[in-house]
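Chemist: Given only the sequences and the hints, what does the whole structure look like? Please build it.
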Amino acid sequence: MMPMFPREIPRDQIAKYERSFLLRLYEEMFRIREFEERVRFLFLEGAMPGTIHQCQGQEATAVGVCQALNEDDYLTSTHRPHGHALAKGLTPLEILLELFGSIEGCCKGKGGSMHIGNMAKGMPPAIAIVGGNIPVAAGMALALKMQKRPQIVACFFGDGATSEGAFHEAVNMAAIWNLPVVFCCENNLYGASTHVSKITRLPSLRQRATAYGIEALTVDGNNVLAVYEMARTAAVKCRAGEGPVFLELITYRLTGHSRRDPCLYMPKEERAAWAAMDPLLRLREALLDRGEVTVSELEAVELAVKQAIEQAVEIARKAPPPTLDDLETDVYAKSEVGI
Amino acid sequence: MMPMFPREIPRDQIAKYERSFLLRLYEEMFRIREFEERVRFLFLEGAMPGTIHQCQGQEATAVGVCQALNEDDYLTSTHRPHGHALAKGLTPLEILLELFGSIEGCCKGKGGSMHIGNMAKGMPPAIAIVGGNIPVAAGMALALKMQKRPQIVACFFGDGATSEGAFHEAVNMAAIWNLPVVFCCENNLYGASTHVSKITRLPSLRQRATAYGIEALTVDGNNVLAVYEMARTAAVKCRAGEGPVFLELITYRLTGHSRRDPCLYMPKEERAAWAAMDPLLRLREALLDRGEVTVSELEAVELAVKQAIEQAVEIARKAPPPTLDDLETDVYAKSEVGI
Amino acid sequence: MKRMGIAEALREAIAEEMRRDHRVFCMGEDIGIPGGWGGAFTVTLGLEKEFPDRMINTPIAENGFFGMGMGAAMLGMRPIVDVQYGDFLLCAMDQICSNASMMRYMSGGTVSVPLVMRAPVGATGRGAQHARNLERMFLGVPGIKIVAPSTAYDAKGLLKAAVRDGNPVMIFEHKLLYGSKGPRTESGAVDATSDIPDDDYVVPIGRAAVRREGADVTIIAWLLMAHAAQAAANVLSAEGIEAEVVDARSLNPLDYETIGASVKKTGRALIVEEGPITGGVGAEIAAGIQERFGDCLRTSVRRVASPDIPVPFAPVLENAYRPDAARVAAAVRAMCGR
Amino acid sequence: MKRMGIAEALREAIAEEMRRDHRVFCMGEDIGIPGGWGGAFTVTLGLEKEFPDRMINTPIAENGFFGMGMGAAMLGMRPIVDVQYGDFLLCAMDQICSNASMMRYMSGGTVSVPLVMRAPVGATGRGAQHARNLERMFLGVPGIKIVAPSTAYDAKGLLKAAVRDGNPVMIFEHKLLYGSKGPRTESGAVDATSDIPDDDYVVPIGRAAVRREGADVTIIAWLLMAHAAQAAANVLSAEGIEAEVVDARSLNPLDYETIGASVKKTGRALIVEEGPITGGVGAEIAAGIQERFGDCLRTSVRRVASPDIPVPFAPVLENAYRPDAARVAAAVRAMCGR
Ligand SMILES: Cc1ncc(C[n+]2csc(CCOP(=O)(O)OP(=O)(O)O)c2C)c(N)n1
Ligand SMILES: Cc1ncc(C[n+]2csc(CCOP(=O)(O)OP(=O)(O)O)c2C)c(N)n1
Ligand SMILES: [Mg+2]
Ligand SMILES: [Mg+2]
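Quick note, the sequences are listed as chains C, L, F and W, same order.
Note that numbering that gives the first Met the number 0 gives residue 237 to position 238 of the first sequence, counting from 1, and the numbers run on in steps of one.
Note that numbering that gives the first Met the number 0 gives residue 329 to position 330 of the second sequence, counting from 1, and the numbers run on in steps of one.
Note that numbering that gives the first Met the number 0 gives residue 203 to position 204 of the third sequence, counting from 1, and the numbers run on in steps of one.
Note that numbering that gives the first Met the number 0 gives residue 89 to position 90 of the fourth sequence, counting from 1, and the numbers run on in steps of one.
Treat the hints with caution; some may be incorrect.
[Stated by the list, open to error] Restraint-style ranges between C-beta atoms, simulated for each label pair:
hint : chain 1 : residue 1 : chain 2 : residue 2 : range
1    : W       : Pro51     : C       : Gly45     : 50 to 56 Å
2    : W       : Lys180    : L       : Ser196    : 54 to 60 Å
3    : L       : Thr232    : C       : Arg200    : 18 to 24 Å
4    : L       : Ala119    : W       : Val209    : 51 to 57 Å
5    : L       : Glu296    : F       : Pro182    : 38 to 44 Å
6    : C       : Lys333    : W       : Pro252    : 41 to 47 Å
7    : C       : Arg200    : L       : Leu302    : 35 to 41 Å
8    : C       : Phe40     : W       : Lys1      : 35 to 41 Å
9    : W       : Val209    : F       : Arg206    : 51 to 57 Å
10   : C       : Glu241    : L       : Thr328    : 41 to 47 Å
11   : F       : Ala333    : W       : Ala329    : 50 to 56 Å
These are calculated hints, taken from the structure and not from any lab test.
Every value quoted in this text rests on a predicted model; they were computed, and no experiment measured them.
Yeah, the Cβ is synthetic: ideal placement off N, Cα and C, and Gly gets one too.
Modeler: Written as structure tokens, this is what we have:
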């Protein structure tokens with residue numbers, strides 16, 4: 000499936016924003032890209048255990064949505080959580096520590112790549128069962144509503160997840176109870192090796208949400224400003240008690256599904272066309288085109304990010320693993336009985 | 000929710016059919032009504048074990064759909080299967096024997112009310128897990144397609160079932176593979192005590208199927224001819240390889256959800272309005288209005304049905320139960336290994 | 000002090016916990032419906048009057064609302080979710096076993112899931128899909144506590160303990176023990192009423208109860224089978240065999256202290272379980288006893304349970320499926336060489 | 000005769016069965032995709048070339064397509080459905096346990112469900128949700144047969160037996176035993192290759208295999224743990240303890256004839272299982288042995304298994320979670336009083 004949105008970020012769209020905000024978007028996206036690339040090499044080197052699902056090419060969805068959130072809002076993620084976590088404010092270091100299986104990782108090395116999260120930053124450990132996080136996100140939104148708190152939940156999942164019953168059950172309940180949750184469907188055209196056209200009769204996944212009477216929009220998921228704007232509107236609706244909202248963010252994975260995937264199931268022309276739609280490239284070009292930012296400024300941003308990540312890698316490499324004393328802890332919370 | 004269709008069966012609609020066909024519809028529906036009423040009394044008497052879910056008021060959906068099927072087509076059912084089974088050609092006797100827990104019942108007394116069926120007549124044992132029969136029906140349709148057989152599957156379920164993930168997963172797969180299955184949603188406005196308006200934001204459940212790109216129609220489920228016509232069209236489509244089709248059959252349960260349910264959650268006016276929409280009454284009036292059938296003819300049909308059912312009851316009451324030798328048989332099919 | 004059945008005691012427990020703690024709420028099918036039944040077995044009957052915003056009636060979507068319960072629990076609520084029949088837990092297995100039970104560990108102990116799950120079990124004339132005792136399914140799932148009361152006193156106290164526990168707790172309730180009234184009365188019901196104190200109390204999770212003392216054999220059971228065990232013990236007593244009846248009550252964790260003390264005294268252990276003998280909770284208890292107290296045993300641990308078949312519908316078969324006092328007594332006689 | 004790993008042997012078994020019987024077809028995620036991986040572990044790689052209409056690639060909807068497999072089986076097909084990781088069986092529990100397993104009984108023996116279900120298990124560095132050994136979940140579910148091969152020979156023969164069986168059969172496959180090649184290679188993989196005969200054969204369901212004879216202790220295991228048991232036996236032999244290693248292979252039905260013959264000879268039984276010790280298959284085998292052969296035991300049956308925790312991610316913890324030869328050997332020494 001070829002890209003359906005024009006490559007250029009419209010000038011009048013970019014003109015609406017302050018330079019500093021746009022630079023922040025660029026930095027956030029670049030941090031994800033750099034992080035993922037660095038991790039990929041660590042994997043290929045054999046330095047890291049387990050498996051990874053990376054998000055190169057999808058940086059705009061995570062950053063666009065998270066920029067529309069408040070810091071104390073919540074986010075739930077999937078088997079492909081690195082970008083979401085970074086965009087939600089987890090540091091490269093706490094994630095790397097987890098990926099290396101250190102006791103100092105964000106989940107004490109007990110979670111791993113597919114379960115990174117940090118509840119203090121609004122992100123519970125990611126859930127790697129496809130579709131499994133969607134009811135959980137709806138339940139978090141239910142709690143927020145019952146507690147009359149102003150926060151909302153951004154719930155990320157892929158095109159593949161929309162075929163799971165869990166998606167339908169949860170979206171329907173979120174709908175009938177007007178819960179403050181933005182369903183962020185990253186439609187990257189593939190669920191593992193399966194093209195989205197094989198799992199639906201319709202050209203869009205939007206109807207899977209409108210079926211429950213909620214607003215659903217299809218968005219250019221590689222234009223970070225488009226994502227940001229739709230997410231902001233959705234967030235406002237949710238905060239006003241008029242949620243949920245469903246966003247279908249069309250994007251593309253420029254990397255393998257998981258470690259060492261040669262992507263032979265993706266047509267070459269498709270990959271090439273989408274490489275040209277790289278959200279970082281697009282923002283970069285639009286920024287330079289606008290004229291307020293120079294190449295060397297961008298390079299400075301990039302360098303700083305690279306250095307920070309490299310530093311984090313060096314720390315994480317040497318961080319201590321858990322000990323056998325840690326094996327059986329953290330299974331149960333201390334019982335409160337009697338309180 | 001008040002009835003949304005006019006009470007009268009349109010004259011030009013009834014004019015299209017032969018007298019004998021219309022009398023057959025009446026007889027089929029009356030058989031279900033009489034069967035259910037007789038069983039209700041047997042229950043209240045304490046003569047029957049277990050629980051029952053009855054379908055008084057919903058006779059037109061079962062009969063309308065089954066008249067549109069060929070004898071060798073298939074049907075799957077739910078916790079409320081008596082009407083479907085009778086309409087599909089199971090005899091009152093084989094069902095009663097099962098309800099009484101006799102070894103001579105259609106499932107040897109091992110199934111019971113919620114699991115009646117007879118595969119030789121195209122109806123596997125009903126599945127009492129709400130939504131659980133929908134993937135099974137889709138799988139039967141998949142087999143028919145792979146085997147290049149001409150048959151189709153009618154899959155019955157209620158409004159409540161459309162909130163289960165199983166519904167969505169199966170309807171989507173049936174859609175993408177064009178399977179020959181008619182999804183017959185008996186929307187009787189309640190799932191147990193829960194009104195349908197509590198489980199959906201939209202006024203109809205149709206969108207839950209159109210979301211997968213299939214044709215979906217809302218039909219007056221208490222007009223047996225309307226059901227028959229839509230089911231026939233759907234069956235033709237399915238046989239042509241253009242399935243699946245979804246029919247939302249609007250109807251109403253004139254009885255409790257299960258044994259001894261006083262239905263206090265149903266507004267009195269609603270019940271009264273729907274009592275007037277009784278599908279038997281409506282067909283009877285239309286038949287008499289058309290003038291070709293007399294009251295005494297109808298009474299003769301009724302009497303014959305009553306007598307047949309009474310006879311079946313007398314036989315079933317005295318039928319032998321299973322013995323302890325039957326307890327552990329029928330768990331596994333004899334293994335074919337080596338064949 | 001007031002005499003109550005299990006359904007009523009659970010209802011009171013829920014109401015008291017909801018009064019005590021505004022974070023507690025209920026979520027399930029056919030609850031909180033005016034004119035409705037209070038769930039499938041009257042446990043939540045009428046609670047919507049006092050707590051209109053905290054009785055959340057769901058669509059039929061078990062996996063969805065169990066997952067939502069988990070999500071709400073993570074953000075500080077104390078949800079009590081229920082299935083109408085324990086069999087439907089199978090629809091929600093992913094959320095229960097992959098998410099709720101493991102979240103705390105996966106988070107390195109930073110997130111907790113104080114989620115109570117209620118499930119009515121037992122064979123009651125409804126056929127195979129509304130009948131199973133699925134305790135076994137959760138025993139091997141670390142992160143979930145499991146309780147299974149046989150009396151109204153325990154039901155109330157264990158449910159309160161579950162609500163206050165801070166972890167996912169599954170409470171199995173037996174349909175024949177509820178004492179549900181009105182249209183929801185069960186035929187074949189067994190009296191499980193207790194005198195319920197007026198004051199707040201909990202029954203701690205993880206402690207078994209000795210229902211009857213005896214020196215000859217230990218019978219371990221829970222739910223309906225605890226009653227069968229006691230009935231058998233009475234019969235056996237008349238024959239000169241004194242059975243000690245241990246109501247396990249808490250299946251995870253199991254109380255090996257109480258079980259061990261009894262087995263050391265009697266030297267014989269019999270486990271009684273409703274559900275297929277193979278792969279049941281009884282297997283774990285049998286293995287656990289022999290590992291821990293093998294030296295004290297005068298004979299191998301035995302199990303009385305159902306045959307390895309789905310639950311049959313016909314009453315004659317169902318009665319043969321469900322272990323009863325006669326089968327328990329016969330097994331004890333065999334163990335004692337009578 | 001050809002040397003093969005398990006992934007390859009399973010692939011050959013599927014291809015041969017599909018050639019032999021046109022009713023056989025595969026349904027699962029990421030199967031039959033040109034340029035794809037042949038499922039998560041290469042088992043179905045390339046089969047779409049020979050069978051373009053019988054490799055059905057599904058959406059991610061396990062409950063749905065397992066139920067569809069059941070429906071197709073009822074109408075005479077012979078579906079082989081699979082999950083990418085055994086953990087996802089939890090999404091399909093309702094269709095497996097409420098429908099497929101009980102349909103034959105509920106129908107009074109008139110309907111059969113010849114459905115093969117494949118599930119890769121084992122802890123392999125992926126964290127808690129892609130790691131569990133869920134054999135335990137199905138042991139107490141009458142109507143389902145369960146096999147769990149540890150060698151390529153058995154994998155091929157058992158899968159063929161499953162396809163021809165006529166009942167729902169679950170085949171558990173261990174990720175570290177597949178011998179998957181290319182990008183799907185597993186680190187920490189163990190050699191499970193066999194010489195596969197050129198002719199058709201089946202390994203009958205319900206028979207265990209004695210992998211090594213010995214008079215001092217019986218070690219019972221399956222899947223990866225069968226390899227750990229053999230490694231331990233080799234170590235122990237050098238110390239003068241001769242262990243008999245029984246590869247259970249079929250978990251339902253269990254082969255108590257083979258197990259019994261061995262236990263009667265050795266008087267000692269140790270069960271080795273990957274997965275939490277509580278509520279595992281080992282509990283049933285331990286209970287079953289003591290009930291049947293209690294008199295022949297010189298000491299209580301013991302289990303070596305994982306602790307009662309979710310599967311941890313960090314390699315040091317995962318390695319401690321997964322029983323290994325050293326732990327098995329230590330347990331045997333303790334049982335033999337060394
Ligand atoms: C319930 C379940 N089934 C299958 C898998 C294996 N799996 C992991 S990711 C994936 C594809 C998911 O596709 P999508 O939802 O589009 O997310 P993406 O990987 O494209 O980000 C699959 C099939 C899983 N983790 N969970
Ligand atoms: C998975 C599941 N959840 C709950 C139930 C309990 N239950 C039986 S029937 C019913 C209502 C079903 O409503 P609907 O699908 O509309 O069918 P109807 O009873 O109206 O025919 C419920 C909740 C069940 N059998 N299965
Ligand atoms: Mg995708
Ligand atoms: Mg209904």
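Chemist: Please go over all the hints and tell whether each is borne out by the structure.
Modeler: Checked hints:
{"no.": "1", "hint": "W:Pro51 to C:Gly45: 50 to 56 Å", "result": "violated (38 Å)"}
{"no.": "2", "hint": "W:Lys180 to L:Ser196: 54 to 60 Å", "result": "holds (56 Å)"}
{"no.": "3", "hint": "L:Thr232 to C:Arg200: 18 to 24 Å", "result": "holds (19 Å)"}
{"no.": "4", "hint": "L:Ala119 to W:Val209: 51 to 57 Å", "result": "violated (45 Å)"}
{"no.": "5", "hint": "L:Glu296 to F:Pro182: 38 to 44 Å", "result": "holds (39 Å)"}
{"no.": "6", "hint": "C:Lys333 to W:Pro252: 41 to 47 Å", "result": "holds (43 Å)"}
{"no.": "7", "hint": "C:Arg200 to L:Leu302: 35 to 41 Å", "result": "violated (50 Å)"}
{"no.": "8", "hint": "C:Phe40 to W:Lys1: 35 to 41 Å", "result": "holds (38 Å)"}
{"no.": "9", "hint": "W:Val209 to F:Arg206: 51 to 57 Å", "result": "violated (43 Å)"}
{"no.": "10", "hint": "C:Glu241 to L:Thr328: 41 to 47 Å", "result": "violated (59 Å)"}
{"no.": "11", "hint": "F:Ala333 to W:Ala329: 50 to 56 Å", "result": "violated (37 Å)"}
This entry does not satisfy hints 1, 4, 7, 9, 10 and 11, going by the numbered hints stated previously.
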